[in-house]
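Going line by line, the protein sequences match chains A and B. Under this note's numbering, the residues of the first sequence are numbered 6 to 294, in order. Under this note's numbering, the residues of the second sequence are numbered 6 to 294, in order.
Derived by calculation from the structure, the hints in this document are not laboratory data. Among the hints, a few may not be true.
The list makes no distinction among identical chains, and a pair is therefore deemed to hold if it is satisfied within one copy or across any two copies.
[Claimed, not checked] Taking lysine-lysine pairs in the DSBU-like style, the calculated list, with each CA pair at most 30 Å apart, reads:
#1 Lys-209 to Lys-60
#2 Lys-230 to Lys-159
#3 Lys-230 to Lys-189
#4 Lys-292 to Lys-13
#5 Lys-33 to Lys-262
#6 Lys-159 to Lys-262
#7 Lys-31 to Lys-220
#8 Lys-262 to Lys-164
#9 Lys-56 to Lys-230
#10 Lys-20 to Lys-63
#11 Lys-200 to Lys-22
#12 Lys-60 to Lys-20
#13 Lys-200 to Lys-60
#14 Lys-14 to Lys-292
#15 Lys-220 to Lys-200
#16 Lys-14 to Lys-60
#17 Lys-14 to Lys-159
#18 Lys-209 to Lys-230
#19 Lys-189 to Lys-220
Protein chains: 2
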Amino acid sequence: MPHILDGKKIAQNLKDKLKIEIEEIKIKSNRVPGLAVIQVGNVAASSVYVKAKTKAAKEVGIDVIDHHLDESINQSDLINLINQLNNNNDVNGILVQLPLPETINEEVILNSIVPGKDADGFHPVNVGKLSISQTNDENLMIPCTPYGCLLLLKELNIKLAGKNAVVIGRSNIVGKPMAQLLLKESCTVTTVHSKTVNIESICKNADILVAAIGKPEFVNKDWVKEGAIVIDVGINRINVNEEKSKLVGDVLFNEVKNIASAITPVPGGVGPMTIACLLRNTTIAFKNL
Amino acid sequence: MPHILDGKKIAQNLKDKLKIEIEEIKIKSNRVPGLAVIQVGNVAASSVYVKAKTKAAKEVGIDVIDHHLDESINQSDLINLINQLNNNNDVNGILVQLPLPETINEEVILNSIVPGKDADGFHPVNVGKLSISQTNDENLMIPCTPYGCLLLLKELNIKLAGKNAVVIGRSNIVGKPMAQLLLKESCTVTTVHSKTVNIESICKNADILVAAIGKPEFVNKDWVKEGAIVIDVGINRINVNEEKSKLVGDVLFNEVKNIASAITPVPGGVGPMTIACLLRNTTIAFKNL
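Isolated chain A, as found in the complex (with noise of 0.2 Å):
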């Protein structure tokens, strides 16, 4: 049996390295950093990550400032209200859930953010910064899905140098940050995508296999070669019968299991971690300042 990198748990010793650190914080400075939480509208999986983020927050003993805005919301109201948290001393890190109703321009609003409060790590400054860092530095703003990735790999106390990591998926919210973190681990790094000839062939030659591409269980057996290491990044959801459905990532767990020598569990694998990464945001947010 691979070894399961079991999220939940490696997130929460993250949380609670964070809370004494916030903890000595307040100590200190008599603050806590604060996190602002923007929803506009009511997707019902936006609800849910922003509920599950405020929860965590709240956790470690950071200050969440939430603001639920109805759908309607016009992008220069938006904007406003940013520029309002971004001369708030009391909120260091502002979060836009996104998606956001198609009347609002998402780039226009994540470039509105003060790059020192991005705490999703989306705005060009910081991931200008990302690219241009000879190191995975303790105080950039790192996009908190391939940062929470990169973590769940530093667990397994391999040597990451030298390894052949694919990534499949070049989103800027995933696939292209994690090439930059992987890259500075000095692992040959090969991003593959839709437009790739003979994908599964190159997943295959992965020793550290990162799947990001949002397709339910599409990668099987066959992509991986045996002893790799597979970070599940996708949470789809699935008709199990006409009632029930389920979360499954974008690896077909039971088969690729038997073959990975380690492997994340969807749900339980990267999720958690995500969220932990954004706490760390915020965090080092606060201390930048």
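Position chain B against the provided structure of chain A, taking the given hints into account.
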């Protein structure tokens, strides 16, 4: 014989187009793009590059403002100069020729240039935008050498999507932005480097091989697949005998040319493209105002 990619000629075509564009700008606005070139000290290679860049800029009608500074200049005086140029409406692009003296922090200097005037495309904002944007946009400030390589590839009029591209080297100036550009052209992109295991066999799989390692004639025929396209970024001066030296690339040209379907020579390949792309960035900076 392979297609020898004539960088000199292709760069000249780009410069001819820019010249026409700048003439039109002049007629329309009674202004021309301005490029400030800063050289600190007298490193011989820097003087050669600055001279070539200045000459090329003038050829296409760009106004060049030269700042040749003594190597004893301190960091804050250099920043003051950059701030003046940042605020000077006649200056659209600012180029700081690297390397700088050891007493000056290169990163601090490069970050002090406003992103809109960052003619080299090295500022975190421009690096971030290059990563985030879905296409290799006409109005992005893209690092000159990798963009020059992409333009050479485009001269071949082949379909880039799905091609297996391998970039040797992971510098901020070439390797990393090159990987981003090729990924946006929908290549499958692998970055290899000094820590890569089996580097030869990975390169041997490449449809497109970009060598940017700075090791003279390092890539020989055993690294190259029959019919591959080889782009040589290296510019290395080696001694022929006690009196004579010559420039060679990172690729053993005379061997690899017998295998490749297309290859760039050194000199006369990537080098002239780098300079032409600097002029492109300066013109874009003017148009983005």
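Here is what the structure says about each hint:
1. Lys-209 to Lys-60: neither (39 Å within a copy, 51 Å between copies)
2. Lys-230 to Lys-159: within (20 Å within a copy, 35 Å between copies)
3. Lys-230 to Lys-189: So Lys-230 and Lys-189 pass the 30 Å test inside a copy (23 Å) and across (28 Å) alike.
4. Lys-292 to Lys-13: Only inside one copy: Lys-292 and Lys-13 sit 26 Å apart there, 50 Å across copies, limit 30 Å.
5. Lys-33 to Lys-262: Close neither inside one copy (46 Å) nor across copies (66 Å); limit 30 Å.
6. Lys-159 to Lys-262: Classified as within: same-chain Cα gap 19 Å, cross-chain 43 Å, threshold 30 Å.
7. Lys-31 to Lys-220: Neither, since 43 Å and 52 Å both go past 30 Å.
8. Lys-262 to Lys-164: For Lys-262 and Lys-164, only the intra-copy Cα distance (22 Å) is at most 30 Å; the inter-copy one is 38 Å.
9. Lys-56 to Lys-230: neither (38 Å within a copy, 53 Å between copies)
10. Lys-20 to Lys-63: Within. Shortest intra-copy distance 11 Å satisfies the 30 Å Cα cut-off; inter-copy 58 Å does not.
11. Lys-200 to Lys-22: neither (42 Å within a copy, 32 Å between copies)
12. Lys-60 to Lys-20: Within one copy only: 12 Å inside a chain, 58 Å across chains, cut-off 30 Å.
13. Lys-200 to Lys-60: neither (40 Å within a copy, 42 Å between copies)
14. Lys-14 to Lys-292: Answer is within; shortest intra-copy Cα gap is 25 Å, inter-copy 52 Å.
15. Lys-220 to Lys-200: Within one copy only: 15 Å inside a chain, 32 Å across chains, cut-off 30 Å.
16. Lys-14 to Lys-60: Answer is within; shortest intra-copy Cα gap is 16 Å, inter-copy 62 Å.
17. Lys-14 to Lys-159: Answer is within: at 14 Å inside a copy they meet the 30 Å cutoff, but 49 Å across does not.
18. Lys-209 to Lys-230: For Lys-209 and Lys-230, both the intra-copy (5 Å) and inter-copy (21 Å) Cα distances are at most 30 Å.
19. Lys-189 to Lys-220: Cα proximity of Lys-189 and Lys-220: in one copy and across copies (28 Å, 21 Å).
Of the numbered hints given earlier, the model fails hints 1, 5, 7, 9, 11, 13; all others are met.
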